[in-house]
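Q: These protein sequence lines are chains E and Z, in that order. Mind the numbering: the first sequence is residues 1 to 421 in the UniProt record's numbering, read in order. Mind the numbering: the second sequence is residues 1 to 310 in the UniProt record's numbering, read in order.
Treat each hint with caution, since some may be false.
So the derived list for chain E, only partly shown, Cβ under 10 Å to chain Z, looks like this [to be verified]:
#, residue
1, L10
2, F251
3, S259
4, I262
Here are the simulated SDA-like pairs of lysine to any residue, each with C-alpha atoms no more than 20 Å apart in a straight line [to be verified]:
#, chain 1, residue 1, chain 2, residue 2
5, Z, K74, E, Y252
6, E, K249, Z, K138
7, E, K249, Z, I163
8, E, K416, Z, I163
Derived from the structure by calculation, the hints contain no laboratory data. Source: prediction; values computed, not measured. Built from N, CA and C at the ideal position, the CB exists for glycine as well.
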Amino acid sequence: MGSFIKKDLLLFWRDRKELITVLVLPILLVVVLNFAFAGLLSDNANENLDLQLAVVNQDNELETLARLKEKLMEEGSVSNSEAEKMVEQASQLSPIPLLFNYLESDELKSWVTVHELEEGEAVKKVEDGEIDGILTIPSGFTVDSLYAALAGEVPATSLKFKMERETNNNSILFDMIHGFTDHLNFQFVVQEIGASDAEVFLPEGGFEKVGTGESFTLSQYFTIAMGALFALFLASTVATKTGLEIRQKVFYRIQLTNSNPILFLIGKMVSTFCLAWLQIMFVFVFSHFILDVFSDRTTSFWLGVIGIVTILSLAIAALAAVFTSISLRITNIDAANGIFMLVILFFGVVGGNFVPIYILPSWLQKIGEWTPNGSSLVALTNWIQYEELSSIVTPSLFLIGFFLLFTVVSVAIYPKRGKTS
Amino acid sequence: MLETINLSKSFKGKKAVQDVNLYLDSGESVGLLGPNGAGKSTTISMISSLVKPTTGEIKLNGVNIIQKPEQMRKVLGVVPQELAIYEDLSAYENLKFFGFIYNLKGKELEKSIQQALEIVGLTDRQKDLVRTFSGGMKRRVNIAAALLHRPEILILDEPTVGIDPQSRNHILETVRMLNELNGTTILYTSHYMEEVEQLCDRLYVMDHGEIIAAGTKGELLSILSTEDTIKVELSKMDEMFIEQVKTIEGVRKVEASQVNLKIIAKKGINLVSELVHLADQYHIQMVNFHTESPSLEDVFLHLTGRTLRD
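With the hints as constraints, model all of the structure from the sequences given.
A: Here is the structure:
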């Protein structure tokens, strides 16, 4: 099998035009798109934003002061008179009104619409795509925040931010809520009574905790989108080269030997895997050096990227195998190549490689996740932001599923000796 | 050694090859002649185990190999009509790849590559990319790739199409050497009658999917032993004149090309006086006139009604 792999890699290496297309063009596009869109966005920062935020208030503020006094006396060993004094001081700083004041401030209300909803209704609206995210004020938040502030401890209850999918809008909301906690901390500091923090929850089927996220930049999007897109093109290129092997009758000669014909297919898969992996990593690394795309990231971050790229490359290799098997069966190779290119372009569009997936309608976003490139975009986006294994499990399983499905299909339709086009 | 018995192949109900009976003895060099579409390539594909026959048998040393094609692949080398090599690999890289898939390894592979390159005279150019080679050199690499596993039977399907005379001679010499010195059994198909005459001990003539004649060169020529071929060069050509020549008693076929006439007529007939008389009538001068012994080309024309390159 090694000879098949070596042959395919050598043929690819000798095809300098293809090599330049696959390696240089995506980097060039990343640089050009990055500069072009950076200019557009910097001029109109949040001009066209209309973010929808649901606030679910599960806290009962009416009981707050009485419960705070009890808690101070029970857990803080504070005398009745001292407790009363502290409660009076804290009553000036109830965080929930502060939060609503913040959300309805002139600064925010032009681009954020706040909806006070029940939890079930809010979740449904997020799932339907009507709401960008949910901010939940959990039961006991006010008491815990004030007690923690008065006692100088870390609060036991936090604000929870939930979203149905990762988008730039959500990132903005997330940043906004962080802005509020900073604002709240500032208020507490001014009052010399402590600090609070926000915790972010990312939904995945249900809702899942992913911790505090990094920001996700446009240059990162372009890098992973172009890397995955051009790796997809590789699958089509490999099929085109198979067509050439059929035209040149080299496949005929291979069939004249006693070697197992399936080795030809496996050779195509392995060589495509190697090429796709190298190509995507090349785009990532060079984009990073040119544009500082992944600045200050840890070794574990890069290991995660390598892992995702590896399973994406496996899925692309298996897709190339499907194309190869079809090429060997179909009479009109040019028509087959045209169809392969259309499939790749379809994957590219719905998978979010041409335009960011979150600007597409929600039904198209759902379809996008059912493409190898779409899944890899979700996995890489989540990894870049949260670096949490739990956030990439589902898209990674999708990619492994694609790999297995495509492999089974390619082997099933691979023609027997003498049955080629 | 190799035998096909009533070998037939139909594609979508249309018969491409019908009841072909071939026999190749060990060390023999056999020619397979036929115009395009005669069924030669389909026959070769069936012998090579790439296409399964609809009916019939293929026997190797008396054993039917249709169910055991791997036995045939071990002893068979095929030089396809097309260049079945990678143009973006060097000659050496091509042979190494094909050697590997013939299950050759290490020193044995290296030795086979160098021997094959030496046979086709490309040792000096082995590191060059095939795409930089002339048509003739590419054809030689195509042959070398079929020699790597030292086949006992070598099938060459029009190996000299579209190449210069020098490369053509080189290839013919190579085939002759393989047959005479190495004892390789050869099945050679060609459009060029003189190549087949030069290389082959026996011939099969194929047309419309069937073998229409078989035998040694002498045996085939004897088919025309009752005929003479007369070639006439005229000062000008006239359609009416040709039609009149066809009516002369004993004339069987007339072919005209520019100012030349080729007449196949019953042996022993004196056509000169009749031709001179007709030429006078049409104010044509006879510039040249001679009688030839029939060639294999004439035999082919006689059998099929068309030339090999039709």
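Q: So, for every hint listed, does it hold in this structure?
A: Going through the hints against the structure:
Interface restraint check for L10(E): the shortest CB-CB distance to chain Z comes to about 6 Å, inside 10 Å, so the restraint holds. A hinted interface residue such as F251(E) counts as satisfied when its beta carbon comes closer than 10 Å to some beta carbon of chain Z; here the least separation is about 8 Å, so the hint holds. The interface hint given for S259(E) holds, since its Cβ lies 4 Å from the closest Cβ of chain Z, which is under the 10 Å cut-off. Checking I262(E) against chain Z by beta carbon gives a least distance of about 13 Å; that is not within 10 Å, so the hint is violated.
This hinted pair checks out: K74(Z) and Y252(E) have alpha carbons roughly 16 Å apart, not beyond 20 Å. This hinted pair checks out: K249(E) and K138(Z) have alpha carbons roughly 14 Å apart, not beyond 20 Å. Restraint check: the Cα-Cα separation between K249(E) and I163(Z) comes to about 19 Å, which is no more than 20 Å; the hinted pair holds. At roughly 34 Å between alpha-carbon atoms, K416(E) and I163(Z) are farther apart than 20 Å, so this suggested pair is violated.
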